[in-house]
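The opening position of the sequence shown corresponds to residue 1 in this note's numbering, with each subsequent residue numbered one higher.
Simulated from the structure, these hints should not be mistaken for lab results. There may be inaccurate statements among the hints.
[As the list claims (entries may be wrong)] For lysine to aspartate or glutamate, the following EDC-like pairs were computed, each having C-alpha atoms within a straight-line distance of at most 20 Å:
| id | residue 1 | residue 2 |
| --- | --- | --- |
| 1 | Lys342 | Asp200 |
| 2 | Lys170 | Asp128 |
| 3 | Lys305 | Glu343 |
| 4 | Lys170 | Asp153 |
| 5 | Lys376 | Glu455 |
| 6 | Lys490 | Glu214 |
| 7 | Lys359 | Asp462 |
| 8 | Lys3 | Asp43 |
| 9 | Lys76 | Asp43 |
| 10 | Lys52 | Glu6 |
| 11 | Lys211 | Asp192 |
| 12 | Lys287 | Glu259 |
| 13 | Lys350 | Asp462 |
| 14 | Lys3 | Glu214 |
| 15 | Lys3 | Asp128 |
| 16 | Lys211 | Asp193 |
| 17 | Lys483 | Glu455 |
| 18 | Lys138 | Glu259 |
[Said to hold, decoys possible] Label-pair restraints from in silico Cβ distances:
| id | residue 1 | residue 2 | range |
| --- | --- | --- | --- |
| 19 | Gly338 | His207 | 20 to 30 Å |
| 20 | Lys3 | Leu340 | 25 to 35 Å |
| 21 | Glu218 | Thr181 | 46 to 56 Å |
| 22 | Ser185 | Arg213 | 39 to 49 Å |
| 23 | Lys3 | Leu484 | 27 to 37 Å |
| 24 | Arg479 | His206 | 10 to 20 Å |
| 25 | Leu156 | Ser185 | 50 to 60 Å |
| 26 | His206 | Lys490 | 19 to 29 Å |
| 27 | Val183 | Arg213 | 50 to 60 Å |
| 28 | Trp487 | Gly335 | 45 to 55 Å |
| 29 | Met466 | Pro86 | 42 to 52 Å |
If you're wondering where the values come from, they're calculated on a predicted model, not measured in any experiment. Glycine included, every Cβ here is placed at the ideal spot set by N, Cα and C.
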Amino acid sequence: MIKRAEHRIFISSLYIGSEESEIVRGFFFSKDRGISLKVYQLDVISHELSVKPQLHAYFHLDLHRSTRPGASSTAKLLLPLLTTFPSRVHVSMFRSPSLRGLMAKIVPPRFNEGWGTWHAKIYGVDNDVIISGANLNKSYFTNRQDRYLHFNDQPLFAQYCYDFLQTFAKFSFRLHSTSDTTVISPHSFIQDDYILQWPDPHIHPHHIHEKVREALTEFQSSRRVASQIQLDTNEDSFKSKQRVFIFPIIQAGQFAIREEETVLQTLFRRVNALTSGYFSLYQPYQKIILGSRSVDCRIVAASPKANGFFGSKGISGRIPEGYTHFEKRFMRAVGRAGRLWKEAASGNFKGIQLWEWDKPAWTYHAKGIWLSPSSKALPILTLFGSTNLNSRSAHLDTELSFVMVLPSHQMDAEQDVHKSVDDIPATACSPQDDLSSETESSTEASQDTALNLRERLQHEIDNIRMNASTWKGARRDVRFSTKLMLWFLKGML
């Protein structure tokens, strides 16, 4: 994608990894060695900028995570690129205003992320976009399971993502070299060998809550119409189209923007499967799942060894054990509600099932929801993006996710479908097909394309479950000191 860039590259991530100089900007599959991952240096973007004078690169990152002390920080990593192309490389770093006052001065690096991060994961080039939950570092490209949805040649969708990032750039610090002293302004600061410039001298970066809320409300209101993704059939003789609806969901709880909660409260009433790398479901979502007796829910979460914090030093090493505590508490509530997974008289399984994902030497970071009319039907909807579906995502981090609603007029007639897609609440907006001018044969081809996409989503679920097994957390001990840590951290996990 980057090598094809003509006008813009826009990257949004929590941070960009630098461990062992494995800066990830792209990768390719080697034909002569089979499938193998190749990691590029900053030369990839630098080269494209040098040969394409009209090309701009935009980075949107979390300030605390990207400015950790040390030579390998993301900020220092980007400085050479910024210095070489000062007018065409734009680096914005968002800092959560929830950490302010005395706490902002005394909380050490690494722990300061507990008050909220920039968490949106968008990787775009011109009109191509990859939406993921992954960051740009070595583990995600080698041995960490995540989700990646690539939208090719979708100008409306790409422009939405770009404009979302530009909206937040107005409330983010901008990275500059210390050689550019003209950018120093009120609330800016110098750190090591770079400057973090605050763009609006009239408002303190700790007091942006109301302005961000107003900007996001206006932004979403002006783009309320759902993006439409056109599905092309592979048949050159048909070239028929069918729309897939994409609904953007912004969750920025600290700015009173809670679209995720509104949407998920609706979706959980029809949820069929969900997954999260860090299982600590937001309490309102748990209550909905437990109270919706007509809905069956299969959950996949990381096992302790597949948690990215497994084996970490200090307090962070207790995090996998902390998630075991959350899982135990949730499963006790499932039992009290009489919703434990069991076989019904019809032969189908009903209730709530918790599995744990475990693959030797791998970690698990995938997150999302898949909605099916029944346990035997293909998915008709998926939620994807950055959210972990937990309290932290709801209240502290800034998240961008999407709901994709798939064409569903050909509803698994050959399968045991007990509910129609029409049963989905109106807010889910199952799309109407716009094929009135097409021939019967082209309509069938388009339907086949939509069905193929639903099958691919099912394949994604099957691949995740391939490495999942029955939850074993009931047999794991959780130390009192870990419970005390969770009480202290409250919604930070």
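Hinted pair Lys305 and Glu343, Cα distance within 20 Å: 30 Å, violated
Outcome for the supplied range 20 to 30 Å, where the beta carbon pair is Gly338 and His207: 48 Å, violated
Holds or violated: Lys350 and Asp462, Cα atoms, limit 20 Å. With a Cα-Cα distance of about 19 Å, the restraint between Lys350 and Asp462 holds, given a limit of 20 Å.
Sort out whether Asp43 lies within 20 Å of Lys76, counting only the CA atoms. Within the cut-off at roughly 15 Å; holds.
Has the given pair, Lys138 with Glu259, been kept, meaning a C-alpha gap of at most 20 Å? Violated: Lys138 and Glu259 sit about 32 Å apart, past 20 Å.
Trp487 and Gly335, beta-carbon distance inside 45 to 55 Å? For Gly335 against Trp487, whose Cβ atoms are near 23 Å apart, the range 45 to 55 Å is violated.
Using the beta carbons of Val183 and Arg213, state whether their distance is inside 50 to 60 Å or not. 27 Å, violated
Pairwise hint evaluation, Asp200 against Lys342, where the allowed Cα distance is 20 Å at most: Not OK: Lys342 and Asp200 at ~58 Å, beyond 20 Å, violated.
When you check the alpha-carbon spacing of Lys211 and Asp192, does it fall within 20 Å? Judged against 20 Å, a Cα distance of about 30 Å means the pair is violated.
Satisfaction of hint between Glu214 and Lys3, Cα-Cα up to 20 Å: 37 Å, violated
Given the hint that Lys376 pairs with Glu455, test it: the Cα-Cα distance must not exceed 20 Å. Given that 20 Å is the threshold and the Cα spacing comes to 12 Å, the pair holds.
Would the hint linking Lys3 and Asp43 be met if the CA-CA limit is 20 Å? 11 Å, holds
Violation of the numbered hints given earlier is confined to hints 1, 2, 3, 4, 6, 11, 14, 16, 17, 18, 19, 20, 21, 22, 23, 24, 25, 27, 28; the remaining hints are satisfied by the structure.
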